[in-house]
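Asker: Here is what each chain is made of, one letter per residue.
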Amino acid sequence: MKTNKQKNDSHSFQDLDNRIEQILTPRFAPSANDIKLEANAHPSSRTLWLNILRFGSVAAALVIGMFVLIGPTNKVVAKTPEDVIAEALTSLQTSDTYRVDFQMNAKENSDIMQPYEIDPNGERISGTLTILRYEGKEYMRIEWSNNIVQLFDGGQMRYKMWRNGELVCDMERSTINLKLLKLASLDDVKAIFGNDEDMKMQIEEQGDNIHLRAMIEHGEIAGIFSREQGKLLECGARAIDKTGTWKKVLSAKIEYNHPITVEQITASPK
Amino acid sequence: MKTPSQIEHVITSELQALYRYACYRLGSRDVAQDIIHELYLKLHGLNDTNIQNPRCYIYRALSNSCTQRLRNQNKLSFVDITALNDLQAEDLNPTNFEQEQALISRLLAAIPDEQSEVIRLRIHGECSFADIAEILDIPLPTAKSRYRYGIEHLRQEMQKQNLI
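Protein sequences appear in the order of chains A and B. Reading the first sequence from the start, the letters are residues 222 to 491 in our numbering. Reading the second sequence from the start, the letters are residues 987 to 1150 in our numbering.
Please keep in mind that the hints were generated in silico from the structure rather than gathered at the bench. One thing to keep in mind: the hints can contain errors.
Stated by the list, open to error - No more than 20 angstroms apart at the CA atoms, straight line, and that leaves these computed lysine to any residue pairs for SDA-like:
1) A/Lys257 - B/Lys1028
2) A/Lys257 - B/Ser1014
3) A/Lys358 - B/Gly1013
4) B/Lys1130 - A/Asn239
5) A/Lys358 - B/Ser1014
6) B/Lys1130 - A/Ile241
7) B/Lys1146 - A/Gln243
8) A/Lys358 - B/Phe1083
9) B/Lys1146 - A/Ile244
10) B/Lys1130 - A/Arg240
11) B/Lys1028 - A/Leu258
12) A/Lys257 - B/Asp1016
13) B/Lys1146 - A/Ser233
14) A/Lys257 - B/His995
15) A/Lys358 - B/Asp1016
16) A/Lys257 - B/Gln992
17) B/Lys1130 - A/Glu242
18) B/Lys1130 - A/Gln235
19) B/Lys1146 - A/Arg240
20) A/Lys358 - B/Asn1082
21) B/Lys1130 - A/Thr246
22) A/Lys358 - B/Glu1084
23) A/Lys257 - B/Glu1000
24) B/Lys1146 - A/Glu242
25) A/Lys358 - A/Arg320
26) A/Lys257 - B/Thr998
27) A/Lys257 - B/Ala1003
28) B/Lys1146 - A/Asn239
29) B/Lys1130 - A/Asp238
30) A/Lys257 - B/Ser999
Kindly generate the complete structure, drawing on both the sequences and the hints.
Answerer: Right, dumping it as structure tokens:
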């Protein structure tokens, strides 16, 4: 038979366990009202952004690959090249605005959300990708050299595309987030290159610059980082075409703190 | 017009609980939305006539997807015995999702995964112990005892630090 003390202890423990359960019970859970489940032909937002990576911002693929493979360290000694790279990648991820001018070999795609996909045998095309993060909203605009403009508007939660100044697509996206820098998994990076081979890394220092190459059997991505600025400056990619020849498929240059406003990034092309 | 499958129906009707579970498991609204959307696309149109308990099936798939995502991000870890160090009394009163998620993650990091997962399914997913047993493929008494041991362990740790 339980004594009074045992009974009191038991009650006391029960109260404390209830308190633990109360602490573990979410009070600020996000609402699922914004999630719209559609089993349509369009890719999920994640797939969409992954595809954007393919032809719009391979710089981000490079970033992701390196971030995953190297990762930041907490060393307090003199900075190693890996520390500089990690710092540069953090800087890119936290930058409010930046602009990537790129050139790439690509072929046209019939999907309205994916007008081009990277292809070593495709035509040379250039473009500019601009990212803006403002008041918790994220915006991305891609302007292609042949007068196609894509806009991912995190403020209005819409995707738009113009051809020669004419609006050809304006649709709601239930989730618009700049996930291109958040796909921090090696599997995702490998998926971009369409294989699951191991990636080999090579780092060389030349003066202030750190050159990094990540190689797989059929492709290679490379980046140039500035030790002094702690930033990724340029990046590029090569791939083997159908004749077995190595071809430069992408080159990109990054400009940080690119001055642009929400009005400018979301503006209709003239 | 195609009738929604049982699976689709359950995902739609349980969306809030599924999303809550994923948010607190993964620590990010964005990633949680991705996982839920991927799950829906994966299970949409699935021939579910042989699935006896669609709700358990969905939670099992969601739990596995979350585990895989955390594994890809190298965020799976053993029990962190220092998780509750430096926890202050004021931390127990979060004022937004981010603070609350951080608090719950710290607490659940201090107990073994098999216990924390039962607690998540019970509190965040609002699953019954019978459902949890089926989701995790464990006997019902084991599901209950893992929950109890997890809560007790947290109570003891927080008492040690005079937090409760």
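Asker: Each hint needs a verdict: does it hold in this structure or not?
Answerer: Structure-based check of all given hints:
1. A/Lys257 - B/Lys1028: holds (15 angstroms)
2. A/Lys257 - B/Ser1014: holds (17 angstroms)
3. A/Lys358 - B/Gly1013: Status holds; Cα separation ~19 angstroms.
4. B/Lys1130 - A/Asn239: Answer holds: lysine 1130 of chain B to asparagine 239 of chain A is near 15 angstroms, not above 20 angstroms.
5. A/Lys358 - B/Ser1014: Given pair lysine 358 of chain A, serine 1014 of chain B holds - Cα atoms ~15 angstroms apart, limit 20 angstroms.
6. B/Lys1130 - A/Ile241: holds (16 angstroms)
7. B/Lys1146 - A/Gln243: Distance of about 19 angstroms is within 20 angstroms: holds.
8. A/Lys358 - B/Phe1083: holds (17 angstroms)
9. B/Lys1146 - A/Ile244: holds (17 angstroms)
10. B/Lys1130 - A/Arg240: holds (18 angstroms)
11. B/Lys1028 - A/Leu258: holds (12 angstroms)
12. A/Lys257 - B/Asp1016: Since the Cα atoms of lysine 257 of chain A and aspartate 1016 of chain B sit roughly 13 angstroms apart, the hinted pair holds (cutoff 20 angstroms).
13. B/Lys1146 - A/Ser233: holds (15 angstroms)
14. A/Lys257 - B/His995: holds (14 angstroms)
15. A/Lys358 - B/Asp1016: Distance of about 13 angstroms is within 20 angstroms: holds.
16. A/Lys257 - B/Gln992: With a Cα-Cα distance of about 18 angstroms, the restraint between lysine 257 of chain A and glutamine 992 of chain B holds, given a limit of 20 angstroms.
17. B/Lys1130 - A/Glu242: Given that 20 angstroms is the threshold and the Cα spacing comes to 14 angstroms, the pair holds.
18. B/Lys1130 - A/Gln235: holds (15 angstroms)
19. B/Lys1146 - A/Arg240: Cα-Cα ~15 angstroms, so holds.
20. A/Lys358 - B/Asn1082: holds (18 angstroms)
21. B/Lys1130 - A/Thr246: Distance ~18 angstroms between lysine 1130 of chain B and threonine 246 of chain A Cα, so the pair holds.
22. A/Lys358 - B/Glu1084: Measuring from Cα to Cα gives roughly 17 angstroms; hence the hint holds.
23. A/Lys257 - B/Glu1000: Holds. Lysine 257 of chain A to glutamate 1000 of chain B sits at ~13 angstroms (cutoff 20 angstroms).
24. B/Lys1146 - A/Glu242: It holds: about 18 angstroms lies between the C-alpha atoms, which stays within 20 angstroms.
25. A/Lys358 - A/Arg320: holds (17 angstroms)
26. A/Lys257 - B/Thr998: holds (10 angstroms)
27. A/Lys257 - B/Ala1003: holds (15 angstroms)
28. B/Lys1146 - A/Asn239: Since the Cα atoms of lysine 1146 of chain B and asparagine 239 of chain A sit roughly 17 angstroms apart, the hinted pair holds (cutoff 20 angstroms).
29. B/Lys1130 - A/Asp238: holds (14 angstroms)
30. A/Lys257 - B/Ser999: Holds, because 13 angstroms separates the two Cα atoms, which is no more than 20 angstroms.
Consistency note: the structure conflicts with none of the earlier hints.
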